[in-house]
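**Q** Residue numbering for the sequence shown follows UniProt numbering, starting at 1 and increasing by one per position.
Derived from the structure by calculation, the hints contain no laboratory data. Every residue gets a Cβ at the ideal spot worked out from N, C-alpha and C, and that includes glycine.
The calculated label-pair distances, taken between Cβ atoms and stated as ranges, are:
(1) Asp191 <-> Ser57: 52 to 58 Å
(2) Thr321 <-> Ser253: 45 to 51 Å
(3) Ala464 <-> Ala420: 16 to 22 Å
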Amino acid sequence: MVARHEVLRTNFVEHEGVPYQLVHPAMRVQLEVRDVSADQADQVLAELRRHVFTLESEPLIRPTLLRLGPATHVLLVLVHHIVTDHSSFGVVVDDLITAYRARLRAGPPQWFEAPLQFADFAVWQRNTFDEPGEWGHVELAWWRQVLAGLPGDISIALDHTRPPVLGRRGEVVTFTVSAPRRTALTRLAEDHGATEFMVYHAALAVVLHKLGGGTDLAVGSPVAARVDRATEQLAGPCANVVVLRSDLSDDPSLRGILIGSRDTVLGALAHQELPIERLVEAINPPRSPSRNHPLFQHSIHFRGHDWALLPRDLTGDGATTVVALSMDFEVSLLDLNVGLDVTPDGGLAVRVVANADLYEPDSVQLIASALDAALDAFATMPDAALSTVCLLPAADLETLFAPPTPVDAEPTRSVTGGSAETERTLIALLEELLEISDVDPDDNFFALGGDSIVSVQWSARAAAHGLALTPAMVFAHLTIAELAAAVDAAADQPAAEAASTPAPAAPMSASGLDDDALAALAASWQQHS
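Build the full structure now, drawing on both the sequences and the hints.
**A** See the structure below:
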């Protein structure tokens, strides 16, 4: 299977801050086998999931087989997110089943010929969106128009003021939606040519509005981005994120909000192939490490009858079945994340994950209760005006809207300006990277055309000149003058103090990379394929 998919035998190396993928012609992957009792399985799985991959050298797929008994086994296939996505999981499972059946027959797997490898997809993306032709320009123009004037901050009922760097520890609350109530929501959607996801998105928009988010709301949602049928059996990180913008002005009915959600989602899905990182670079919104995404702070994800998680006949004769085990992580990459999964009885399992830097557990419970009430309102009173819908008792709303507790922050050094020599060096390096001239100390890095990859390259070249520049600094201090001051301050920082200051953990990754390094590595598929 690893030989079949190039992306699974790929490592990532860098030269002068530029990441490159290294595709090996062959790679041997060891299957570790452990004998474990059933009551130890969860603990062992949790331990295995904490593995930190070395992107430069080791295989980025790590299988482990747990033998719980003669007839019960658990196979954990741990794959770094830089080379896979959720849709790839189904591809991998199908390939494993094909190989397993072939082994039972003592013959080689009868693979169908893969129409393309992930590098082919990456080259297409690069040619389409890095140097966009007519279609690429049309896609970008559509998103520019849809997101024009989007508010920069849509925060709801915070318990704590936003810290300078937002962490990723999540507070989790779950609840269920019964099968009859889900049926009512699905029927409402069908009556308006919508899908049930559109109802759930509309319900989340109502919650965000009621909890102080305003009427102009943006929510992120992951999509497969596998529009071409040739990508259906492709292993690799094709997944993308689309921005769903809702307008709740003029007191619409819940039914009207659903219709708006339908139109928003259909439009976004029709334009889902523009990579979110390209969209951010084009729109160039303000960045801040206090927000983990510059276009939205909330997300929603719905999985219906997920083909990647359905039971599979492993042997072909029904004698042995393989069932995927869903694994949840208590990680919040944004302010608020909502996940909905169909349960075996036809209901929904809803998982609300809020960022622990912003919310206390009791508040997360209230937010989950508000979402539960919003779903109930769509099912039972879809013609109600938004202003008449009450999601929580007054006392609970008063608790949520209490003034946030300030974050205890260490005093920061002045960043009014660094030394002239530091400024000159940073400007010279940036002009060389961007192939521009006449950069001023007060110029904004992103306004000049900088992005995540350039921030990594700039940091590497600055390090060669003895400057303690990091990509995180570039995002926190946008002008050259502020950045030069931060670099000089970092140079003055005692070594012990600097070593004790951890870098922000990378999202969806156990690599230890910070956000910008991970973004640069992910983008390297498009840059250097």
